[in-house]
Amino acid sequence: MVRFSQRLITVGKGDGVDYPIWNLAMGGGVLIGIVAITHVIVSHFAVGGGFAIAVIETLAVRRGNPAWRALAKRSSLMLILVSTVFGAISGVGIWVTIGLVQPAATSALIHNYVWGWAAEWGFFILEVVTALLYYATWDKVRPRTHLVIIWLYAFAAYMSLVIIQGILSFMLTPGRWLETHSFWDGIFNPSYLPGIVLRTGICLFLAGAYLTLAALREHDRLARAPMVRLLAWFQVAGILLAYGGYRWWEHVLPESVRAIFLGGKALLPALAATRHLALWALAAYLLVALFAALAPRSHMWPTAVAAMLAACVFFGAYERLREGARKPFVIRDFMFSNGILVSDIGKLDEHGVLATAVWAARGSAASQEAMGRAVFRAECAACHTIDGYLSIRKLVAPVDPDMLNGILGTLREEGKEYARGTYTHQGHVATDKLDYPLMPPLVGTAAEQEALAVYLLTLQPSHIAEASHAQ
Amino acid sequence: MPNSLIPALDPAPLPGPPWLFQVLWVLTFFIHIVFVNTVLGGTLLAALAGLAGEGRRETRTLFVEVNSWAISLAITFGIAPLLFIQVVLGRFFYTATILVAWAWLGMLVLLTVAYYLNYVAKFRLRAGKGAGAVVAVEAACFLAIAAIQVTVNLLHLQPGRWAVVADHVWAALSDRTFAPRYLHFVFAAVAMAGALAAWVAVRRAAHGGDAGACRAMARFGIRAALVATLLQLADGFWLLLALPEEVLRSFMRAGAATMAPLGVGVMAGVLLLVVLAGISDPLAQSTRVRRVAELVVVAMAVMVVTRHQLRDFYLAAARAGEQVTVAPQLGPLALFLGVFVLCIGLTIWVLVRAAKDRPAPGERAA
Numbered sequence: 022m023v024r025f026s027q028r029l030i031t032v033g034k035g036d037g038v039d040y041p042i043w044n045l046a047m048g049g050g051v052l053i054g055i056v057a058i059t060h061v062i063v064s065h066f067a068v069g070g071g072f073a074i075a076v077i078e079t080l081a082v083r084r085g086n087p088a089w090r091a092l093a094k095r096s097s098l099m100l101i102l103v104s105t106v107f108g109a110i111s112g113v114g115i116w117v118t119i120g121l122v123q124p125a126a127t128s129a130l131i132h133n134y135v136w137g138w139a140a141e142w143g144f145f146i147l148e149v150v151t152a153l154l155y156y157a158t159w160d161k162v163r164p165r166t167h168l169v170i171i172w173l174y175a176f177a178a179y180m181s182l183v184i185i186q187g188i189l190s191f192m193l194t195p196g197r198w199l200e201t202h203s204f205w206d207g208i209f210n211p212s213y214l215p216g217i218v219l220r221t222g223i224c225l226f227l228a229g230a231y232l233t234l235a236a237l238r239e240h241d242r243l244a245r246a247p248m249v250r251l252l253a254w255f256q257v258a259g260i261l262l263a264y265g266g267y268r269w270w271e272h273v274l275p276e277s278v279r280a281i282f283l284g285g286k287a288l289l290p291a292l293a294a295t296r297h298l299a300l301w302a303l304a305a306y307l308l309v310a311l312f313a314a315l316a317p318r319s320h321m322w323p324t325a326v327a328a329m330l331a332a333c334v335f336f337g338a339y340e341r342l343r344e345g346a347r348k349p350f351v352i353r354d355f356m357f358s359n360g361i362l363v364s365d366i367g368k369l370d371e372h373g374v375l376a377t378a379v380w381a382a383r384g385s386a387a388s389q390e391a392m393g394r395a396v397f398r399a400e401c402a403a404c405h406t407i408d409g410y411l412s413i414r415k416l417v418a419p420v421d422p423d424m425l426n427g428i429l430g431t432l433r434e435e436g437k438e439y440a441r442g443t444y445t446h447q448g449h450v451a452t453d454k455l456d457y458p459l460m461p462p463l464v465g466t467a468a469e470q471e472a473l474a475v476y477l478l479t480l481q482p483s484h485i486a487e488a489s490h491a492q
Numbered sequence: 005m006p007n008s009l010i011p012a013l014d015p016a017p018l019p020g021p022p023w024l025f026q027v028l029w030v031l032t033f034f035i036h037i038v039f040v041n042t043v044l045g046g047t048l049l050a051a052l053a054g055l056a057g058e059g060r061r062e063t064r065t066l067f068v069e070v071n072s073w074a075i076s077l078a079i080t081f082g083i084a085p086l087l088f089i090q091v092v093l094g095r096f097f098y099t100a101t102i103l104v105a106w107a108w109l110g111m112l113v114l115l116t117v118a119y120y121l122n123y124v125a126k127f128r129l130r131a132g133k134g135a136g137a138v139v140a141v142e143a144a145c146f147l148a149i150a151a152i153q154v155t156v157n158l159l160h161l162q163p164g165r166w167a168v169v170a171d172h173v174w175a176a177l178s179d180r181t182f183a184p185r186y187l188h189f190v191f192a193a194v195a196m197a198g199a200l201a202a203w204v205a206v207r208r209a210a211h212g213g214d215a216g217a218c219r220a221m222a223r224f225g226i227r228a229a230l231v232a233t234l235l236q237l238a239d240g241f242w243l244l245l246a247l248p249e250e251v252l253r254s255f256m257r258a259g260a261a262t263m264a265p266l267g268v269g270v271m272a273g274v275l276l277l278v279v280l281a282g283i284s285d286p287l288a289q290s291t292r293v294r295r296v297a298e299l300v301v302v303a304m305a306v307m308v309v310t311r312h313q314l315r316d317f318y319l320a321a322a323r324a325g326e327q328v329t330v331a332p333q334l335g336p337l338a339l340f341l342g343v344f345v346l347c348i349g350l351t352i353w354v355l356v357r358a359a360k361d362r363p364a365p366g367e368r369a370a
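Protein chains in written order, with our numbering: chain A, 22 to 492; chain Y, 5 to 370.
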């Protein structure tokens with residue numbers, strides 16, 4: 022039955038915990054991270070590379086310079102292999118992995134942004150066709166037509182970024198969407214423009230760093246120096262844009278996230294350390310790029326590779342920060358990383374998380390331990406594995422029953438505080454005020470909490486030893 | 005059927021009328037499957053090109069060169085149906101993929117390997133070297149991808165099988181329609197690639213290509229299409245009879261809506277056989293060769309519709325109480341349509357411009 026509604030969203034009918042759980046030793050989040058970071062590096066290179074190659078070929082045509090033309094031609098094969106092959110496959114890879122690891126969040130995103138993604142797909146068609154055409158028409162069409170093709174590619178690739186940035190930034194700073202559930206409020210969220218500036222800078226410097234490696238293959242030293250210099254300025258411009266964008270991005274983040282970034286929680290040093298790494302890598306990169314711009318003949322393979330590494334370190338660290346800053350949410354202030362909606366906490370506390378988590382509870386015996394295992398699968402398994410990444414066995418090993426009950430009790434109490442909005446600040450949950458700012462709260466009934474404690478205690482080495490001895 | 009294992013409907017409303025998603029889904033899936041069949045069937049024929057005799061190298065080169073853009077386009081046009089299935093049937097689709105998660109993820113690895121192998125084959129062939137083994141491995145990768153796709157598709161249609169597959173993942177292959185459905189796709193792909201090879205050979209011969217090689221390639225293509233279509237007709241009936249009884253009954257009782265596409269598909273298949281059987285010298289019968297290509301496309305188009313209708317019958321019971329809420333996002337929908345028209349327009353314009361623009365003698369080329 023289809024019902025048309027003026028309401029933009031109906032929260033609370035379904036819960037995000039009723040999908041099967043894929044047990045992955047490395048952790049689903051790590052898998053998403055690997056695929057996503059690989060894809061973003063490749064896709065940003067594809068955007069910046071198209072623009073850089075377009076500039077280089079334009080200069081080559083205007084100046085009649087065969088060396089510049091050769092650089093554009095040499096780089097175009099890499100653009101194809103990276104953009105249309107690896108970029109396309111890893112892009113689909115993100116869909117595949119988030120659908121496997123975070124189906125509820127993926128479904129929420131797709132229901133809100135399918136037209137955005139579909140528009141991006143339109144640009145992607147143009148991007149892929151022009152990339153293939155550009156490579157195939159070397160030596161076959163007039164230079165003007167060839168330039169039209171690569172500039173169209175650059176346009177399409179950049180527009181694809183302009184759209185997708187709206188969805189990516191929405192997950193961290195949904196802004197007014199939380200009240201209106203409007204597509205446009207979600208897309209033009211507080212970190213949208215800062216992210217565009219930042220990512221534009223990243224596109225430029227990644228392209229400059231890679232094309233410098235291609236330029237160094239030019240044997241004629243006289244021809245090589247101006248190429249290296251131009252590409253170095255490309256990188257300097259990119260680094261400055263990225264730095265400005267990064268600072269702006271940090272500025273628009275909720276205060277609680279910034280507090281954690283800046284070391285506000287002594288127990289959570291990882292994000293602050295990652296932030297330092299990102300900024301120091303960018304500073305080092307700026308020095309190398311300036312060196313290349315001012316002394317292009319001395320900029321050889323070691324410094325060019327160092328520049329590329331610094332570029333990737335900054336970008337990787339930024340993406341890690343962005344993902345980390347979102348915790349414990351997958352869509353900030355709306356859905357936790359285990360798929361549970363903030364608005365469902367009260368209902369789940371009353372009826373129990375296992376009332377809807379049929380896959381997590383499937384096959385469980387009637388014992389308290391089995392019930393606890395099901396609660397673990399429903400609420401914790403999205404991030405924690407038993408013995409692999411964020412191993413729960415290692416985490417509970419040094420904990421005694423009283424302490425464990427205390428931790429779980431605090432986590433459950435935090436759920437109530439989320440529901441009550443106790444720590445809300447300027448419309449956001451002030452996660453830095455919580456004892457466990459990166460963990461989703463424990464929701465469900467008191468019996469489920471007790472069962473979880475019983476199950477977790479069975480994972481302790483002493484319990485296993487006792488069980489073996491008894492056998 | 006343990007409907008309780010079916011996740012709840014996403015609480016967010018559909019951002020457009022369901023019929024629009026269905027139309028876009030079918031349309032984009034058709035474009036996707038045209039490229040998929042080109043890639044799958046083409047790679048299989050490239051691997052079997054040794055049977056083409058004189059035109060062996062030309063046939064292999066044709067498909068390897070075609071693959072270098074067709075794989076990209078198959079992936080690109082696969083994105084849209086992937087989006088739309090998630091909007092309409094996300095809870096069934098996600099569950100099916102999670103149940104065979106490693107295979108679903110492994111598909112990406114296979115795709116990457118196959119794509120890069122195609123580039124290896126392409127550069128080897130351009131260098132005058134052999135590429136038979138490389139193409140054979142590439143074909144095996146694509147066959148495996150097709151098997152994974154069929155598995156996930158069958159699984160998302162049948163929530164009643166989820167519990168068994170959750171306990172024993174290999175049970176995902178145990179559906180009795182798996183083999184005929186899988187073969188149905190493979191035969192369609194081979195028939196289409198065969199028609200493509202014959203059509204290209206006829207055009208090349210008309211433009212002064214080596215008549216002997218073109219004739220061998222055309223004959224090989226026609227032979228492949230003939231054998232595949234013959235097997236397809238038998239397999240089609242096997243698939244129909246292997247359908248679950250309630251699905252078959254609902255399908256047959258739905259009247260012209262389901263019988264017309266199926267009937268047109270079967271007729272196109274039979275006609276295809278007649279036309280193919282009548283081709284003795286493809287180069288001298290270019291009109292017939294073109295008819296073959298047209299009939300293959302018609303058969304594929306109506307079979308895509310039939311496939312989509314069958315999905316509704318499979319899921320009818322599981323979706324019986326579904327209360328779908330719709331809140332159309334008209335602005336974003338206009339954005340999509342505007343961007344789509346603009347991008348398709350620009351794509352066609354630039355392709356035409358590149359095809360027509362050739363430097364005059366003595367003029368500089370890019």
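One should not assume that every hint holds.
As the list claims (entries may be wrong) - Output of the computed footprint for chain Y on chain A, the stretches with three or more beta carbons under 8 Å from beta carbons of chain Y:
id, region
1, 116-123
2, 162-176
3, 298-311
Stated by the list, open to error - Not close to chain Y: a few residues of chain A, all C-beta gaps over 12 Å, as computed:
id, residue
4, A88
5, S128
6, W136
7, I217
8, L478
In case anyone wonders, no lab produced these hints; they're calculated from the structure.
Just so we're clear, the structure is a prediction, and the values are computed from it rather than from any experiment.
For every residue, glycine included, the Cβ atom is placed at its ideal position computed from N, Cα and C.
Here's how the hints hold up against the structure:
1. Counting residues of the region 116-123 of chain A whose beta carbon lies closer than 8 Å to any beta carbon of chain Y gives 5, which reaches the threshold of three, so the coverage claim holds.
2. As drawn, the region 162-176 of chain A meets chain Y at 9 residues by the rule of a beta-carbon pair under 8 Å; at three or more, the given contact holds.
3. Only residues whose C-beta sits within less than 8 Å of a C-beta in chain Y count toward coverage, and the region 298-311 of chain A has 0 of them, not enough to reach three; the restraint is violated.
4. Residue-level check passed: A88/A sits 15 Å from the nearest beta carbon of chain Y, beyond 12 Å.
5. Separation of S128/A from chain Y is inadequate, the least Cβ-Cβ distance of about 5 Å not exceeding the 12 Å criterion.
6. With a cut of 12 Å on Cβ distances, W136/A falls inside the contact zone with chain Y, its closest approach being about 4 Å.
7. Every CB of chain Y is more than 12 Å from the CB of I217/A (nearest about 17 Å), matching its label as outside the interface.
8. Listed as a non-interface residue, L478/A keeps its Cβ farther than 12 Å from every Cβ of chain Y; the least gap is roughly 27 Å.
In this structure, the earlier hints numbered 3, 5 and 6 are contradicted, and the remaining ones agree with it.
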